[in-house]
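A.B. asks: Single-letter residue listing:
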Amino acid sequence: MRAVVFEDEGVVQVADVPEPRVLEPGDAVVRVTRAAICGSDLHFYHLKAPVAPGDVLGHEAVGVVESVGDGVASVRPGDRVIVAFDIACGACWFCRRGQTQLCDEAAVLGAGTFGGDLPGTQAERVRVPAADVNLLRMPEGLDDERALFVGDVLTTGFYAASLAAIGPADAVAVIGMGPVGFFAAQSARALGASAVYGLDLDADRLALAERAGAIPVDVSARHPATALADVTDGRGADVVIEAVGSPTAFESAVNVVRRGGRVVVVGMYAGETVEVQLGVYWARAIELRFAGLCPVHAWWERSLAQVVAGAIDPAPLISHRLSLEDAPRGYELFDRREATKVVLTP
Amino acid sequence: MPMFPTDPWFQDLIAQINGSADYLEAAETWEGDITFLVEAEPDKGIPVDVWGLLDLWHGACRGGGVVDEARGYASAYVIRAPYSRWKEVVTGDLDPVRAMMQGKLRVQGDLPTIVRYVRAANELVHLCGEVDTTFPDEA
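Protein chains in written order, with the working numbering: chain U, 489 to 834; chain F, 891 to 1029.
Treat the hints loosely; a few may be bogus.
One-sided excerpt, in silico: chain U residues whose CB lies under 7 Å from chain F [unchecked claim]: (1) 711; (2) 713; (3) 714.
Some chain U residues well away from chain F (every beta-carbon gap over 10 Å; in silico) [as the list claims (entries may be wrong)]: (4) 538; (5) 763; (6) 768; (7) 769; (8) 808.
Since the hints were derived computationally from the structure, they do not count as laboratory data. Glycine included, every Cβ here is placed at the ideal spot set by N, Cα and C.
Construct the entire structure; sequences and hints are all you get.
C.D. replies: Here's what the structure looks like:
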């Protein structure tokens, strides 16, 4: 079958790879009908995480179940399904508590050695372990594109907004209007925020903020702290969702939140450091929550319900629709930030 | 009148500090240079960050002015805030010690030491207000 494989730093190609098959009783093989290129795929594209030539990339997909192992009960061939980006066992202590991203057997599709060496979803077919846990049946009538991001970035944004416990009078600031920020902003509105501000310095992403129903704040022209103070009687935002994953964004998040406010950090971090005055955090009584990876299995039914209800609309995020064979161009566009989201059709 | 936060403004402030008997008394044991990092607010006429250094030592200011980032960052203390917060400090509308504790002025350096010199800090702010000042967003 055809699949997008890593070739070298900054180079992917579409190649023939072995057909996936059911290896374990809990496995399913899914024929991919839509896949997407995600920001985290660029970590592998740029070799910031270990990946070997020939590894199949990608972790966002929807498709149709083609075959299942003997132990699979919740889906059967012919079912249209959403694939979870993080693969969980569903049985360990953490999974039973809904913290599936902390699963003892945690893996990620298409994420090289760190992801458990599972081939990814940017392919004609993909093997999904523990299919009862890691596949979600799609409701009748929901098209592939609206469901595609539920297995990853859409639910990640919804999860971040949910962790923030947004109330009806809350002013919410979302730092970074990339795909996660886009969905966090829509989710914040869906969860009842009185106003949502989308902070970014990129014109395309500020436009995306507007399409998410947020009030765009251009931080290349305005200081984020004073911009939020100006619209909150000097207090600052009640809730801040940091959706970038950089020390600068983290500091912005803490600077724009009001005293006693809540900061949810959903942007991804690795080795970065920041210097903080703990006394200031303490005196300001800031609630600070690191979201970690999204335990998508615990949240995707709730986020899917918002999509079905029309409260979250992924369509404005998609800038490019390409064939699987055209995926290398999709990576280049996404890497140059000329695409907000690339959808691939095998 | 010098404009905040230009080098002439800091030079006038240094002159005010060195002419103040009250600051000399309040800060007679203070040792350490302080940089005011005035963060950019392009919409208010501050297109880039400005680092204003005061080399404070035993109640006097031995020199300073607008410096580059490397020199400013190497100070014993860096106090940072957006331009409009600094403006509130200069005009006396924002209590500096309370602002530090609330994170409105962010301190890099030993916060408890600065807070112990509350009288000196307040006197410094008072002296800021003594400088005849214009502001870029009011020009």
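A.B. asks: Hint by hint, say whether it matches the structure.
C.D. replies: Quick rundown of the hints versus the structure:
1. At a threshold of 7 Å, the smallest CB-CB gap from residue 711/U to chain F is about 4 Å, leaving the interface hint in force.
2. The beta carbon of residue 713/U is positioned within 7 Å of a beta carbon in chain F (closest approach about 5 Å), and the interface hint is therefore held.
3. The beta carbon of residue 714/U comes within 5 Å of a beta carbon in chain F, closer than 7 Å, and the hint placing it at the interface holds.
4. For residue 538/U, the non-interface assignment is confirmed: its Cβ lies about 35 Å from the closest Cβ of chain F, beyond the 10 Å cut-off.
5. The beta carbon of residue 763/U sits about 7 Å from the closest Cβ of chain F, which is not more than 10 Å, so the claim that it is off the interface is violated.
6. At the 10 Å boundary, the C-beta of residue 768/U falls inside the reach of chain F, the nearest C-beta of that chain being 4 Å off.
7. With a cut of 10 Å on Cβ distances, residue 769/U falls inside the contact zone with chain F, its closest approach being about 8 Å.
8. Against the 10 Å criterion, residue 808/U stays outside the reach of chain F, whose nearest CB is about 32 Å from its own CB.
In summary, the structure is inconsistent with hints 5, 6 and 7 from the numbered list given earlier, while agreeing with the others.
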